[in-house]
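Whenever a hint applies, use it, and build me the whole structure from the sequences.
Listed here are the chains, written in short residue letters.
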Amino acid sequence: MTETAATWTDGRLPANVQVGAGTVISGPDAFKRFRTHRDPGLVIGENCTMDLTHFSFQPDGEVSIGDWCVFASVVLMCERQITIGNHVAIGWNTYVMDADFHPLAPVQRLADVFAISPMGVAAGLQRPPVPAAPVVIEDDVWIGPGCMVFKGVRVGAGSFVEPGSVLTNSVPPRSRVVGNPAQIVGTV
Amino acid sequence: MPLPRRLDWDWWDGLIPESAVLDDEAHVESSYQFLLDRSEPPYGVRVHRGASVHGLTSFDVGPKGVVTFGAFSVTNGTQFVCDEEITVGCCSMLGWNAVIMDSRRVPFDPVLRRALLERVPLSVPRRLLGEVETAPVRVGNNVWIGFDAIVMPGVTIGDGAVVGARSVVWNDVDSYSVVVGNPARVIRRLDAEERALVATPEGTLAYREALHPFAGAPFAPVRQVGQPVATATRNSATAVDECARSTRARPAAP
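Those protein sequence lines, which keep their order, are chains Y and D. Following numbering that gives the first Met the number 0, the numbering of the first sequence begins with 0 at its first residue and continues without gaps. Following numbering that gives the first Met the number 0, the numbering of the second sequence begins with 0 at its first residue and continues without gaps.
Keep in mind the hints are simulated off the structure, nothing from the lab. Where is the CB? At the ideal position from N, CA and C, for every residue including glycine. Only true hints are included.
Okay, the calculated bits of chain Y under chain D, using three or more residues with CB under 8 Å as the criterion: (1) 55-69; (2) 78-92; (3) 136-149; (4) 165-178.
In structure tokens:
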């Protein structure tokens, strides 16, 4: 992988991003919320097209994306780890997230609200830990527009996720998936 | 018909493509809406009089696609993904960020999909530009589609139907019914009394043509959708069925 081979249309790539030859990333907000300290925090393979995609990573987040992927207006929200294979296509306004980004327990959630408030930030309040579980999208998956993929989900190779599906559970390879919550309605 | 190539009020420094036919009394907010448009003459996007197309609406129309947006219909931010035909009737409202697609833009078979993805870096523009399965989408008159709803390929939505926010519509929707959910299901149908408020036995258009403030002016309704031809209204049978005719008159692709 050569970092310099990437065609980057809007500004500088962050130093902890590795991009393969022939890959294009576009959109002014791609790295607006790219807060990861990991190095590399984001690895993208060769010949990918990342069109208006948001890489919204928390400080400990790391994401790897394979070769020949096409993402259009996708939001990748990463607390810890998202892994995406080769030949994955994801449609407009789909969200992939490996955490809920705030604690579920009510008391901890309240603590989090104080911690992220301007006063909490000024006082250096520690945020409570956020549960995260890695998301894996295997090779040859298509995810249609308007979908959501939640924490801990593994999408099996070759699966076809129809538009608007909300994935809360893993699906085996070559599944055709529809609905909210997503149901397996057939095989590819 | 004069074609506005550059809109006076446009916030985006762009041109309305030649293949977009906008009526004089239609309002299109910006040429930005045609950024993804690859349609070809005679036309790929047709916006009828009195219609308004606001905000970040996007006409993502392929070379063989035709989007027809009927008179007095309104949308803000709908994404039209069209490789064949998307027709919206009169006086319909399409909510923010709704997606109306007659094509998924990818093949169902992972092996074919892989081949298509490997052509993307060489494509101009650099997008998924394959020949894929399509099925026309027809939205009737007086339809209301909620925010973020998705209408899948091949769906016909009948006159006066309401689609709830965030619904995903897989099956045809009967006239004057309300559907919600993902996948969408019918939760309500207007009874005869309610229906009489918006439609006469002769149909919606007859009622509206008599009452609407521009009565007497040519209205160019789309044919009624979701009902058999035999029950089509007297008026819609005689009115200028401009949209449908223009679509049919389009020459076959070489």
